[in-house]
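A.B. asks: In order, the protein sequences belong to chains A and B. Okay, so the first sequence: first residue is 8 according to our numbering, each after it adds one. Okay, so the second sequence: first residue is 8 according to our numbering, each after it adds one.
FYI, nobody ran anything at the bench for these hints, they're computed from the structure. Fair warning: there could be bad hints in the mix.
Identical copies look the same in the list; a pair holds intra-copy or inter-copy alike.
As the list claims (entries may be wrong) - Computed cross-link-like contacts, DSS-like style, restricted to lysine-lysine with a CA-CA straight-line distance of at most 27 Å:
1) 189 / 17
2) 225 / 305
3) 17 / 164
4) 109 / 225
5) 164 / 138
6) 167 / 100
7) 306 / 171
8) 306 / 17
9) 199 / 167
10) 338 / 167
11) 171 / 100
12) 138 / 338
13) 345 / 137
14) 100 / 345
15) 338 / 306
2 protein chains.
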Amino acid sequence: MSLQNDLLLKALRGEDVSRPPVWMMRQAGRYLPDYIKLRNRYDFFTRVQTPELACEITLQPVDQVGVDAAIIFSDILVIPQAMGMTVLMEEGKGPLLPEVIKNQADIDALITTEVEDRLSYVTAALSLTKKELNNRVPLIGFAGAPWTLLCYMVEGKGSKTFEKAKQFCFTQPELAHALLQKITDVTILYLKAQAKAGADVLQVFDSWSGMLSPHDFKTFAQPYLIQIADAVSPHAPVILFPKGSWYALTDIGNSSAAGIGIDWSITPEMARKMAGNNITIQGNFDPAKLLTSPTQIKKEVTEMIDAFGTTRYIANLGHGITPNVPVDHAKAFVDAVKEYSRK
Amino acid sequence: MSLQNDLLLKALRGEDVSRPPVWMMRQAGRYLPDYIKLRNRYDFFTRVQTPELACEITLQPVDQVGVDAAIIFSDILVIPQAMGMTVLMEEGKGPLLPEVIKNQADIDALITTEVEDRLSYVTAALSLTKKELNNRVPLIGFAGAPWTLLCYMVEGKGSKTFEKAKQFCFTQPELAHALLQKITDVTILYLKAQAKAGADVLQVFDSWSGMLSPHDFKTFAQPYLIQIADAVSPHAPVILFPKGSWYALTDIGNSSAAGIGIDWSITPEMARKMAGNNITIQGNFDPAKLLTSPTQIKKEVTEMIDAFGTTRYIANLGHGITPNVPVDHAKAFVDAVKEYSRK
Numbered sequence: 008m009s010l011q012n013d014l015l016l017k018a019l020r021g022e023d024v025s026r027p028p029v030w031m032m033r034q035a036g037r038y039l040p041d042y043i044k045l046r047n048r049y050d051f052f053t054r055v056q057t058p059e060l061a062c063e064i065t066l067q068p069v070d071q072v073g074v075d076a077a078i079i080f081s082d083i084l085v086i087p088q089a090m091g092m093t094v095l096m097e098e099g100k101g102p103l104l105p106e107v108i109k110n111q112a113d114i115d116a117l118i119t120t121e122v123e124d125r126l127s128y129v130t131a132a133l134s135l136t137k138k139e140l141n142n143r144v145p146l147i148g149f150a151g152a153p154w155t156l157l158c159y160m161v162e163g164k165g166s167k168t169f170e171k172a173k174q175f176c177f178t179q180p181e182l183a184h185a186l187l188q189k190i191t192d193v194t195i196l197y198l199k200a201q202a203k204a205g206a207d208v209l210q211v212f213d214s215w216s217g218m219l220s221p222h223d224f225k226t227f228a229q230p231y232l233i234q235i236a237d238a239v240s241p242h243a244p245v246i247l248f249p250k251g252s253w254y255a256l257t258d259i260g261n262s263s264a265a266g267i268g269i270d271w272s273i274t275p276e277m278a279r280k281m282a283g284n285n286i287t288i289q290g291n292f293d294p295a296k297l298l299t300s301p302t303q304i305k306k307e308v309t310e311m312i313d314a315f316g317t318t319r320y321i322a323n324l325g326h327g328i329t330p331n332v333p334v335d336h337a338k339a340f341v342d343a344v345k346e347y348s349r350k
Numbered sequence: 008m009s010l011q012n013d014l015l016l017k018a019l020r021g022e023d024v025s026r027p028p029v030w031m032m033r034q035a036g037r038y039l040p041d042y043i044k045l046r047n048r049y050d051f052f053t054r055v056q057t058p059e060l061a062c063e064i065t066l067q068p069v070d071q072v073g074v075d076a077a078i079i080f081s082d083i084l085v086i087p088q089a090m091g092m093t094v095l096m097e098e099g100k101g102p103l104l105p106e107v108i109k110n111q112a113d114i115d116a117l118i119t120t121e122v123e124d125r126l127s128y129v130t131a132a133l134s135l136t137k138k139e140l141n142n143r144v145p146l147i148g149f150a151g152a153p154w155t156l157l158c159y160m161v162e163g164k165g166s167k168t169f170e171k172a173k174q175f176c177f178t179q180p181e182l183a184h185a186l187l188q189k190i191t192d193v194t195i196l197y198l199k200a201q202a203k204a205g206a207d208v209l210q211v212f213d214s215w216s217g218m219l220s221p222h223d224f225k226t227f228a229q230p231y232l233i234q235i236a237d238a239v240s241p242h243a244p245v246i247l248f249p250k251g252s253w254y255a256l257t258d259i260g261n262s263s264a265a266g267i268g269i270d271w272s273i274t275p276e277m278a279r280k281m282a283g284n285n286i287t288i289q290g291n292f293d294p295a296k297l298l299t300s301p302t303q304i305k306k307e308v309t310e311m312i313d314a315f316g317t318t319r320y321i322a323n324l325g326h327g328i329t330p331n332v333p334v335d336h337a338k339a340f341v342d343a344v345k346e347y348s349r350k
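In isolation and in its complexed conformation, chain A is listed as follows (with noise of 0.2 Å):
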């Protein structure tokens, strides 16, 4: 059966839609009640590895503001997981990976087969939302990028600077680049069985690539991001966001990416001259923005897609929203993309 709300695919191949597609990168989670609701009696990981749950989540914003797109309630961290590495998740307090990958034989010592049966209850949560989204909107899937990856795997938890991470990479670029296509490699898989799983769309979030020089994002990140995009680009349209990396726009306009996310830190008009006219541009929002007024909000929203065009681009923010944004200006967001009627 096809979808009744086929926007989002649509604008990734390119085509005459009368408005752009929406939804907000975080959408399902945190700034809604209901999700705070099972946040408080369920842990993260049982939410995520439960399918119901992570369905029920997933079909929240769906439901209730109004997206043009669901995205899979689940986490990057799942990958360094199943391939075998201890992650904890403190609520409110970001990752920690307590054994970090130093050296050859930590690498060696990771698991990169049956990755789609480790990770079987994301395919299971993503064919259980197919199903309840009865082909009411696409289904995005997706995944962290091996860079973003790397830098968890090394550092062991956020940082400023990743400084770790960094200089793993920088003084054994034989090691980073066997780590990162280990990585990839696991990633291809991961994302080809959630296309078969029923994801329509899929994402790759690189959300440290920003902290790299383009010399260094070109060498650590972007033949990885790529050979993603290579690879799984048959299955399902991809979508790159590599955040804050917008010096690769042009490189990654020319890639089999259906899509690149970018944040706000680049004009409409720029960001389209970097990357042509054959890739669908997503964002750029800034979320704080969503803090302001329903009424400020339509305004500023109705200018970004002025800026950006109804073509080859989806509207959503920059970043993730926060969990500060009450519902209704989040929903404003949306509505004011579903109101949106060319001049």
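Please arrange chain B on chain A, whose structure you already have, making use of the hints.
C.D. replies: The following block gives chain B in isolation, referenced to the frame of chain A:
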């Protein structure tokens, strides 16, 4: 008496130099064992407010690392403090301002008179350091940019998003501009006093400007940076460092500022192209590279100077040096610039 080493001033005037000048942001501090000894004996504000201590810390990297300029040991938050706000500094934890700016009354209550008197410990430290330097190298004074100071004054502490500060600006722009103008007025007086006390160059740190979109930067950051550059430039050359705001390079390049600092998220070629040839570019080595090895540091520094060229360029990091950098690695950075010779 004239300076024995005036490379920095020459570079800021666009004059021909045999090699670029070099200094490092945060060069006075945390990675130096002699600094750590003082830190263990005196608390933060004692170190900042005692001219003899500030002078001693300022001279350490000149004597021990061989940089081409001294930058006075101080903090950007001395301005909110001089304006009457409480600023707490817990070692290794970042600043805390327990009573934040929320409304017009809070702004009205800020002190803007006798700022030079209230900050006489900084001018005393500059005079003493100028004397102790004995014209070996230029002395750099500095201040925080109005937008970055607003971030702390409204948010009350460091933040990943500074969303309270942004919310304040986006929802109450008149109040935000009133606050930014007050900070600007005080900062101009403060920087002029620094020049009078012996600062040869003045740098303005806009550490959080990159969190703003190009449009919001032009609204809440750039006008105040330009006001400061215009008012202070007749007294000493000004370097503006709007970290992360690569998109502003062209506008700043056309301003009265003598120099612009950049981080490593832009190539030297792109930075020069955007900034034009009428401003000196300062940067942009990734501080994490200082964790590699002296050999690798020297190789990459040479490549960086090759790319920037020796004209209208100041070799520096793209952000502050981090505590884990070995002193001989910092020295390798400086030595590599000093040993650079044009092919």
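A.B. asks: As a check of your reading, is residue 164 near residue 138 (CA-CA no more than 27 Å) within one copy, between copies, both or neither?
C.D. replies: Close neither inside one copy (36 Å) nor across copies (46 Å); limit 27 Å.
A.B. asks: With 27 Å as the alpha-carbon cut-off, assign the pair residue 189 and residue 17 to within, between, both or neither.
C.D. replies: Close neither inside one copy (33 Å) nor across copies (50 Å); limit 27 Å.
A.B. asks: My question is about residue 345 and residue 137: at a cut-off of 27 Å on alpha-carbon distance, are they close within one copy, between copies, both, or neither?
C.D. replies: within (23 Å within a copy, 63 Å between copies)
A.B. asks: When Cα atoms must be at most 27 Å apart, do residue 199 and residue 167 count as within-copy, between-copy, both, or neither?
C.D. replies: neither (32 Å within a copy, 33 Å between copies)
A.B. asks: Tell me, please, which holds for residue 171 and residue 100 at an alpha-carbon limit of 27 Å: within, between, both or neither?
C.D. replies: Both: 20 Å inside a copy, 19 Å across copies.
A.B. asks: As a check of your reading, is residue 306 near residue 17 (CA-CA no more than 27 Å) within one copy, between copies, both or neither?
C.D. replies: Within one copy, since 25 Å is at most 27 Å while 48 Å is not.
A.B. asks: At most 27 Å between alpha carbons: which applies to residue 225 and residue 305, within, between, both or neither?
C.D. replies: between (37 Å within a copy, 21 Å between copies)
A.B. asks: Could you place residue 138 and residue 338 in one of the four classes (within, between, both, neither) given a Cα distance threshold of 27 Å?
C.D. replies: For residue 138 and residue 338, the Cα distance is within 27 Å only inside one copy (25 Å; across copies 62 Å).
A.B. asks: How would you label the pair residue 167, residue 100 (within, between, both, or neither) given a Cα cut-off of 27 Å?
C.D. replies: both (14 Å within a copy, 13 Å between copies)
A.B. asks: At 27 Å max between alpha carbons, let me know whether residue 100 reaches residue 345 within a copy, between copies, both or neither.
C.D. replies: neither (35 Å within a copy, 44 Å between copies)
A.B. asks: Under a CA distance limit of 27 Å, which applies to residue 306 and residue 171: within one copy, between copies, both, or neither?
C.D. replies: Between copies only: 21 Å across, 43 Å inside.
A.B. asks: At most 27 Å between alpha carbons: which applies to residue 338 and residue 167, within, between, both or neither?
C.D. replies: between (32 Å within a copy, 24 Å between copies)
Checked against the numbered hints above, the structure violates hints 1, 3, 5, 9, 14; every other hint is satisfied.
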